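Student: Chains as they are written, first to last, in the working numbering: chain Y, 6 to 354; chain G, 117 to 510; chain B, 55 to 136.
These are computed hints drawn from the structure, not numbers from a lab. Keep in mind that this is a model prediction, so the values were computed, not measured. Mixed in with the good hints there might be a few duds.
As the list claims (entries may be wrong) - The list that follows gives simulated cross-link-like pairs (lysine-lysine, DSS-like), each with its CA atoms no further than 27 Å apart: (1) K153(Y) with K225(G); (2) K200(Y) with K15(Y); (3) K200(Y) with K153(Y); (4) K223(G) with K449(G); (5) K449(G) with K200(Y); (6) K367(G) with K138(G); (7) K200(Y) with K223(G); (8) K147(G) with K367(G); (9) K200(Y) with K118(G); (10) K450(G) with K147(G); (11) K153(Y) with K455(G); (12) K450(G) with K225(G).
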Amino acid sequence: MTSPRLRARKLDIRDGLVDLSHGAGGRASAQLIDEIFRAAFDNPLLNQGNDQAAFDVPAGRMVMSTDGYVIWPLFFPGGDIGSLAVHGTINDLAMAGARPLHLAASYILEEGFPLADLQRIAISMGRAASYAGVAIVTGDTKVVERGKADGVFITTTGLGLVPVGVDLSGDRARPGDRVILSGSIGDHGVAVMSKRSSLGFETEILSDSAALHGLVADMVAAAGPSLRLLRDPTRGGLATTLNEIAQQSRCGFLIEESSISVRPEVAAACELLGLDPLYVANEGKLVAVVEANATAALLTVMRAHPLGREASVIGQVTADDQCFVQMTTSFGGGRIVDWLAGEQLPRIC
Amino acid sequence: MKYIDEYRDGALARSIAATIAKEAVSGRHYKFMEFCGGHTHAISRYGVEDLLPPNVEMVHGPGCPVCVLPVGRIDDAIRLAMRPEVTLCTYADLMRVPASGGASLMKAKAAGADIRMIYSSMDAVLIAEAEPTRRVVFFAIGFETTTPSTALSIGLARRKQLTNFTVFCNHVLTPPAIRAILDTANLPEIERVLVDGFVGPAHVSTVIGTSPYVALAAEFEKPVVVAGFEPLDVMQAILMLVRQVNEGRSKVENQYIRAVTAGGNLIAQREIAEIFELRDSFEWRGLGELPVSALRLRHAYAQFDAEQRFDVVSVPASDNPACECGDVLRGLKKPADCKLFGTVCSPETPMGSCMVSSEGACAAHWTYGRFRDRASTNAAQTSPLKPSDVQAAA
Amino acid sequence: MCLAIPVRVEALLPDQMARVTLGGVSKVVSIALVENVQVGDYVLLHVGSALTRLDPVEAERTLALMREAAVPGLSASEAAAA
Chain Y
6 MTSPRLRARK LDIRDGLVDL SHGAGGRASA QLIDEIFRAA FDNPLLNQGN DQAAFDVPAG
66 RMVMSTDGYV IWPLFFPGGD IGSLAVHGTI NDLAMAGARP LHLAASYILE EGFPLADLQR
126 IAISMGRAAS YAGVAIVTGD TKVVERGKAD GVFITTTGLG LVPVGVDLSG DRARPGDRVI
186 LSGSIGDHGV AVMSKRSSLG FETEILSDSA ALHGLVADMV AAAGPSLRLL RDPTRGGLAT
246 TLNEIAQQSR CGFLIEESSI SVRPEVAAAC ELLGLDPLYV ANEGKLVAVV EANATAALLT
306 VMRAHPLGRE ASVIGQVTAD DQCFVQMTTS FGGGRIVDWL AGEQLPRIC
Chain G
117 MKYIDEYRDG ALARSIAATI AKEAVSGRHY KFMEFCGGHT HAISRYGVED LLPPNVEMVH
177 GPGCPVCVLP VGRIDDAIRL AMRPEVTLCT YADLMRVPAS GGASLMKAKA AGADIRMIYS
237 SMDAVLIAEA EPTRRVVFFA IGFETTTPST ALSIGLARRK QLTNFTVFCN HVLTPPAIRA
297 ILDTANLPEI ERVLVDGFVG PAHVSTVIGT SPYVALAAEF EKPVVVAGFE PLDVMQAILM
357 LVRQVNEGRS KVENQYIRAV TAGGNLIAQR EIAEIFELRD SFEWRGLGEL PVSALRLRHA
417 YAQFDAEQRF DVVSVPASDN PACECGDVLR GLKKPADCKL FGTVCSPETP MGSCMVSSEG
477 ACAAHWTYGR FRDRASTNAA QTSPLKPSDV QAAA
Chain B
55 MCLAIPVRVE ALLPDQMARV TLGGVSKVVS IALVENVQVG DYVLLHVGSA LTRLDPVEAE
115 RTLALMREAA VPGLSASEAA AA
């Protein structure tokens with residue numbers, strides 16, 4: 006006769022808190038992983054229950070990327086740290102032109118973090134991954150003492166496969182190439198800032214957090230080798246992305262401010278705080294540099310995709326040994342769009 | 117955005133620019149100083165100078181309260197913040213200003229000082245109320261635009277009977293600074309700024325009105341046009357200045373009629389007068405000691421004065437000797453004329469006041485305009501693409 | 055100097071405060087420095103306090119003066135040559 010199975014009590018998701026036993030590797034850890042993460046992510050590789058996921062590797066060029074997510078607040082209009090972690094790493098893969106294959110997720114949890122919030126985040130991640138057609142196949146959980154983490158820190162790592170013949174890289178921009186922006190800038194940064202009580206403003210703006218690999222697949226198929234590079238303007242905004250590319254490619258840019266889309270509420274929030282939308286983070290937009298004669302076709306393909314409806318040509322690549330990103334302002338004068346000096350802070354002056 | 121977008125109209129800007137070009141007498145050079153840092157920022161950020169004819173030049177003045185704050189006062193604030201019982205509340209603008217020995221509020225915060233960035237002085241009062249064991253010090257800076265807000269917060273603290281709220285007051289006044297720039301008769305010729313007129317500050321003037329400039333304009337025979345904050349306002353004001361100069365007039369004119377009156381905001385002036393009084397003199401970074409140019413709390417409000425409650429002993433600190441901020445603030449030199457500009461001194465590693473704030477002349481030039489230095493020194497090379505080229509190609 | 059933004063008064067609140075909006079973004083600010091503020095007024099906002107009311111008549115007059123100052127159809131280079 007087999008020994009009776011201990012009927013374990015389910016986690017108290019509603020009122021329970023993360024405690025140090027959840028990170029100790031014992032029964033409590035296993036229960037947390039099972040009832041929160043496996044329940045939300047539910048895929049064959051993860052369900053095997055091993056410490057690692059083993060799979061066959063398709064032939065071709067692989068891409069790997071990793072990112073840590075420490076955003077505060079954890080929940081913001083249009084997303085949360087979980088969906089952000091999924092979208093962000095998928096996008097890093099997508100910017101290489103890759104099809105995402107698998108994701109791994111590791112969690113550092115703070116003692117006392119509500120299980121209800123953790124479940125909310127896990128469900129959000131599961132949904133984001135599922136919607137993107139990618140699975141979170143392996144993970145890890147640790148718990149640190151109260152005060153040593155802002156609720157939860159998440160690190161996601163992704164693996165992707167680059168189609169044959171695709172070679173996107175930040176050093177491939179050439180004078181005469183055109184620059185396309187997939188949509189409005191500043192949405193994510195403003196949405197997150199609106200939840201920081203010290204700034205005290207309210208808005209309906211949603212983060213634009215989204216997985217871009219579907220749009221990228223369409224773009225790569227349409228433009229082929231005419232597509233030089235892709236980059237998503239996350240931290241530091243569009244300005245930082247353009248300056249990075251300029252440095253890598255040893256070129257300059259000439260941009261038209263009036264062709265850059267900014268939602269009225271984003272523009273308004275930036276006015277109130279004295280911020281420049283060019284430096285505000287985006288999580289669902291990309292910059293593409295493409296050979297001039299392939300521009301029109303690429304734009305058509307982008308606008309046919311839900312995440313590229315507002316795509317527009319914002320300028321072109323120039324020969325410039327000082328790598329300036331020059332911009333013609335909507336007013337008609339000129340300026341450069343320089344690197345961000347430190348973190349962008351609201352100003353009174 | 118209403119009352120904003122219509123004053124940023126590019127087509128109207130080009131038309132006004134054409135009028136300025138038409139009316140600026142050829143062969144004559146016009147030099148106007150925009151006093152206010154906010155105007156410096158607007159001019160740079162929109163590229164207004166590109167629309168002006170070559171004989172109309174803008175010189176950037178010292179109206180940036182972050183820029184004119186002496187290093188010693190930031191040292192004082194850092195010392196206050198390092199006290200374990202103190203919570204220092206500050207506007208974000210001040211976080212990165214370099215103090216003595218490479219220190220800054222940002223670095224002090226990283227080292228454990230309780231420094232909090234706030235949007236409004238009222239927030240500091242609310243923090244004091246919510247955290248009665250903390251001694252909250254509000255680092256107050258600003259010209260007359262910002263002083264009324266500080267006055268309101270002290271009034272609020274008094275009504276709430278708070279004993280743990282004080283203000284470290286560095287409020288300064290605009291007319292004495294304009295006077296300091298104009299009053300160059302005693303200086304050697306080489307140090308005199310020869311501006312033909314001033315673009316007067318927008319929001320300072322909503323508080324003090326246009327009347328304080330009248331005596332200055334008359335005494336020094338220079339026109340002053342108070343201009344709104346948007347680039348079209350600045351352009352219209354420049355046109356009005358060109359006309360005054362052509363007609364030999366030196367009057368105070370108001371371009372910002374939608375927000376500024378001759379008498380200003382009397383309620384705000386009353387609030388300021390209730391709480392503050394004039395200091396005999398105050399050190400301005402780049403301009404030196406100026407008499408009756410700054411404010412301190414009145415005796416009746418001593419309990420809210422951080423300098424008294426904490427026995428603040430100011431140690432004057434000097435700038436890098438190679439720093440030319442003084443000459444830049446007076447409009448005697450352009451940022452690119454300073455040897456430190458772009459070499460040792462940049463927004464990331466500011467050596468002096470003009471680089472620390474986004475509207476300091478050097479920071480504005482670095483962030484928005486330094487590509488023009490290249491155009492003037494490399495005249496022989498192919499010039500960079502112009503906007504018309506982009507439009508033709510698109 | 056100083057970043058001050060025109061915002062619309064949406065609602066008056068106790069203790070001389072008001073809810074204001076700009077382009078769909080709303081904030082609660084002090085109106086203690088401005089007399090007789092009404093819903094629908096536009097005020098200049100600086101560091102959490104309204105500094106003054108914006109005069110719509112004068113605002114329109116400013117635009118009219120700007121249009122008057124503009125020379126229709128003349129470009130800057132044509133003007134300089136003239």
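Student: Against this structure, judge whether each hint is valid.
Tutor: Hint-by-hint comparison with the structure:
Between K153(Y) and K225(G), the direct Cα distance comes to roughly 18 Å. Compliance with the 27 Å bound is thereby established for this hinted pair. Straight-line distance between C-alpha atoms of K200(Y) and K15(Y) comes to about 33 Å, which puts the hinted pair past the 27 Å bound. Restraint check: the Cα-Cα separation between K200(Y) and K153(Y) comes to about 22 Å, which is no more than 27 Å; the hinted pair holds. Distance check on the hinted pair: K223(G) and K449(G) sit about 31 Å apart at the alpha-carbon level, beyond 27 Å; violated.
For the suggested pair K449(G) and K200(Y), the alpha carbons sit about 44 Å apart, so the restraint of at most 27 Å is broken. This hinted pair checks out: K367(G) and K138(G) have alpha carbons roughly 22 Å apart, not beyond 27 Å. Taking the CA atoms of K200(Y) and K223(G), the gap is about 26 Å. The hint holds against a cut of 27 Å. The hinted pair formed by K147(G) and K367(G) meets the criterion: a straight-line CA distance of about 16 Å does not exceed 27 Å.
With a C-alpha separation of about 25 Å, the suggested pair K200(Y) and K118(G) falls inside the 27 Å cut-off, and the hint holds. For the suggested pair K450(G) and K147(G), the alpha carbons sit about 13 Å apart, so the restraint of at most 27 Å is met. Simply put, K153(Y) and K455(G) have alpha-carbon atoms about 46 Å apart, too far for the 27 Å limit, and the pair is violated. About 34 Å separates the Cα atoms of K450(G) and K225(G), which puts this hinted pair outside 27 Å; it is violated.
The structure fails to meet hints 2, 4, 5, 11, 12 from the earlier list, while all remaining hints are met.
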